[in-house]
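Those protein sequence lines, which keep their order, are chains A and B. Position in the first sequence counted from 1, then plus 3, gives you the working numbering. Position in the second sequence counted from 1, then plus 132, gives you the working numbering.
It is possible that part of the hints are untrue.
Stretches of chain A that chain B covers, calculated by requiring three or more beta carbons in the stretch to come under 8 Å of a beta carbon on chain B [as the list claims (entries may be wrong)]:
no.	segment
1	33 to 46
2	250 to 261
3	280 to 293
Here are the in silico distance ranges between beta carbons for each label pair [unchecked claim]:
no.	chain 1	residue 1	chain 2	residue 2	range
4	A	TYR24	B	ARG530	40 to 46 Å
5	B	ALA682	A	LYS84	40 to 46 Å
6	A	ARG92	B	PRO294	30 to 36 Å
For the record, the hints were derived by calculation from the structure and aren't laboratory data. Think of the CB as a built atom: it goes at the ideal place given N, C-alpha and C, for glycine as much as any other residue.
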Amino acid sequence: MILQVWRYAYGGAKIMALKSYLLTPQDYHFLLRARNLEDLLGFLRTTVYGPVLAGWDWRVAGAEAELSRLLFGDLAQAFFKVGRGLKQRERRFLQVLAGRLVAENLKVVLRALHQGVPPAQAAGRLLPLGKLTPLNFPAMLQQRTIPELAAYLAPTPWGAPLNRGLPRFLREQNLFPLEMSLDLWVFDYLWEGLKHLSRADRKIAGQLLGTMADITNIVWAGRFRDIYGFPGEETYQYLIAAGSFRRPRDRRALAFAVSVADMVAHLPLRAYQVLLQGSAQGTEVEARLMHHWLATLERILRRPPFQIGLPMTYLFLKELELHNLITLITGKLLNLPAEAIAPLLQRRGAGG
Amino acid sequence: MFQSVPLVLVNIQVAEEHISRATAVLTRLRIIHLINLVETPLGKLGYMGELERDMLSRYQKVGEEVDRWSQALELPPQVVEVPPDLDPARDIYLLEERVEQIREHADPLLQNLTDVKEQLAKLKAQQQNLEWLRPPGIEPATLAGLHYTYLVPGWLPSENLPRLAEALDHLHHALLPVTEKDTRTMVLAAGLAADKETLDRAFKGAFFEPLELPTAAPGSLEELLSAIKTQIRGLNETEAQLEARRAELRNRIGPDLIQIRNRADLTRTLLRARVLFGKVDRSYLISGWIPAHLVDKLKEALAQELGDQAEVEVLSPEAVPGAREGILRIPILFNNPYLLRPFERLTTAYGTPRYGEVEPTAFLAVSFLLMFGLMFGDVGQGAVLFSLGYLIFRRFFRYTDYGIILMECGVASIVFGVLYGSVFGVDNLLPAIWFSPLKNINYFLKVAIIFGTVAISLGLILSFINALRSRRVQLPAAGLLAALCYWILAGLGLRYLLTGAWGWDFWVSVGVGLAVLAVGALFIFQRLRTAPPSGQAPVAGRGLHVLEGAIEVLDGTMRYVANTISFIRIAAFALAHAGLFIAVFSLAETLGRMGGGGLVYWVTIFLGNVVMILLEGLVVSIQIVRLEYYEFLSKFFHGGGEPFKPLERSAIP
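Next comes chain A alone, as it looks inside the complex (with noise of 0.2 Å):
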């Protein structure tokens, strides 16, 4: 009994104390007043990603692939001091949750195949996903073409989304139904995850992941209709039957929405529909989105700390954070003024 306290205290303490190694709103403030570059990369020196860019030179090319590559190995490394804190069962969801960086390294190598970038180049592009999966991404990309990829992992549980999109891939030599495949399987996988939990975090972990599948079913829908064009019938096929779009008939709303507005008017939940009134585009739905997400964060974060919801949080918010980092990084590269990169920073009202 003892022993569990200990371990739920500890778990919980450590997630505290790394959730306080997050950027403070003053740090942002800071990193968007620097000059150029190299203030601002001075000024990362002072935090806790000082020794995690060490060593990296903006000025060589392939500079932004490794600066996503030492970052997201960050995010893996907080995988991992996140779930040395945890119990066996937590820890095994924890790696569920990391199937959506698995699924990125798995898009990279996709990418590389379809292209032809030689497998050294490719592989400075991967996340240092360490332990995080038994998967060997070097080995893939010595695979000669995505059908023998798709061989290779046929043993893996990810053989059987690459070998769903393969005969489509094959007929249109397009990347798009492989990766859309992946990201459907990583939310069934997401959910399947679930089991793994107590019947308390089950509902904690299925809340947050909820909102998450609501707010990826309202930006796809967006985009499948505005940028691609694609007709309800094949965004219906798209769309995540989680959180609140269970029902066939929420997620046919959303699909054969014709516009923004009428989209917003048949969505299933009435906060829904409050949070995205008057939008009139879909940036400013996906950043409407991005703020009822991060407050959702802060939510959970305000509930007892001994519950999956923690862990799950701050790794979203280092998600975000790093995410964030890149953006501030890519604009002054570009040399826009802060006023530019401010309004694309997903930032919590208060850091720390």
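Fit chain B to the known structure of chain A by using the hints.
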């Protein structure tokens, strides 16, 4: 054995036109550990290596093409001897020309074969698809001839079927499941021809794969199937002919491909090795460490290949300024007999010894086996360990080292088993030549303490030897005094353990006097030999210095005593081993009496021994490694050395 192989630095100077042959000789001999000259003072003098990227990529391309053919011709990789007449700048033209000739023959044939195989696979898939249409009685010609209806058979993931139906809810459509296989369902999808585009998009989204049918060919289903079968027969014959030609091609160009691959590999190694060389104008300088006893072999091989075109300079480590100052690390090449070599893993797991430092593998190996024997002494279990080790040694070549270690542990266990008189825990089969652990617990504790004292003393002596060998390190006075105090205490303790006497007498005075003299002489000798340190202790802080020293002496002495007591675990685990035997016998007897009879008794004995060998063997090994690392090695071993990595064909990727 107690020291690594003595190395010398060789500087080989050759003209640019001979560098390839010189490198090829070095690669073949595999005796030189190259130094990157750019990182040495010579680098600052303008000796700069160069990486010929273009040349490397040309060789890489040759290698890749040869690999592709080797794979297509099913040629296994093979390493063959390549003559050292390599000249990368000229050879590449030769290799590229040969590759071009092979390409002319190989590519059309292999491409033809691939095409035939693809065609065959496609036809077989079509045949299978047509077979699927048989049960519902659908004619392909009917499907192609529809004007107002869109009818398409195909497969989709079973879980997507309801989703597809939901998406098409507002359209006239029908989805008729025909059959199921694994996780997929074959569906006959029907709708209005006017909705074809929308239906196709929905099908795409559901990962629906339409059946590929030979729609262009006229005829009924049966006629189509018969035509496909005829085509497949024809292609099978073509494939067989092409396979025969492929086998003939493999016999013809196989040896050539292997030779080209090996030559390209060796040349790439050579080109990459050049980055470590120094170059000024048209002269190359190769610098590296080689075993001192192989200098003549190197000179001879170079003379044979290059005549007098290579200038070889040999320097002892003491004559190399960088090495003397510790800037240039001298690599270490282990020098142990065959039976002790597997224990090098134990040493390197702790750290790589520095050049000139005492090489501890022999001490580790002997003490490991002694402690293992003491803790796990049993003739029967030792024999099992030996057999297991022998099996690994003979069958699993990758784990030969572990096989040898297991065999040696087995022998140690057998020897101590004979001394203890124990065979699978039965102590009345053999007489105990030395003693029986369970009957002589106090005696065993004394043995363990004596063993510990010897091990700690050996560690201290080795640390003094290391300090004496190094001219840069002075023996610390506090360390010596701590050792002195420890030895006096250990002497008194051992005297008490062996004789029961506790008082101070003439012989104790003699022993202490001798220890004081030895340590004092050692201290003075080493002080005279080494230069005084640059920063002398300030005169004003002398009192504090003495106090610090006194604390260090006390701390050191206590630590050594505690380390010695730690060796009691040898006796503890040996007793646990004997105790476990009693437990296994008791359990077997109880279970046997409860109704199992003799069979249950022997099964329990057998399983008990298996568990003991696996579990206790592991625990004992962990305890020994702990004693070796923390109590013994930490006394004298500094590590931080660099392993000797000879230049060889695959050494530089």
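We went through each hint and held it up to the structure:
no., hint, in the structure
1, 33 to 46, "violated (count 0)"
2, 250 to 261, "holds (count 4)"
3, 280 to 293, "violated (count 0)"
4, A:TYR24 x B:ARG530: 40 to 46 Å, "holds, 44 Å"
5, B:ALA682 x A:LYS84: 40 to 46 Å, "holds, 44 Å"
6, A:ARG92 x B:PRO294: 30 to 36 Å, "holds, 32 Å"
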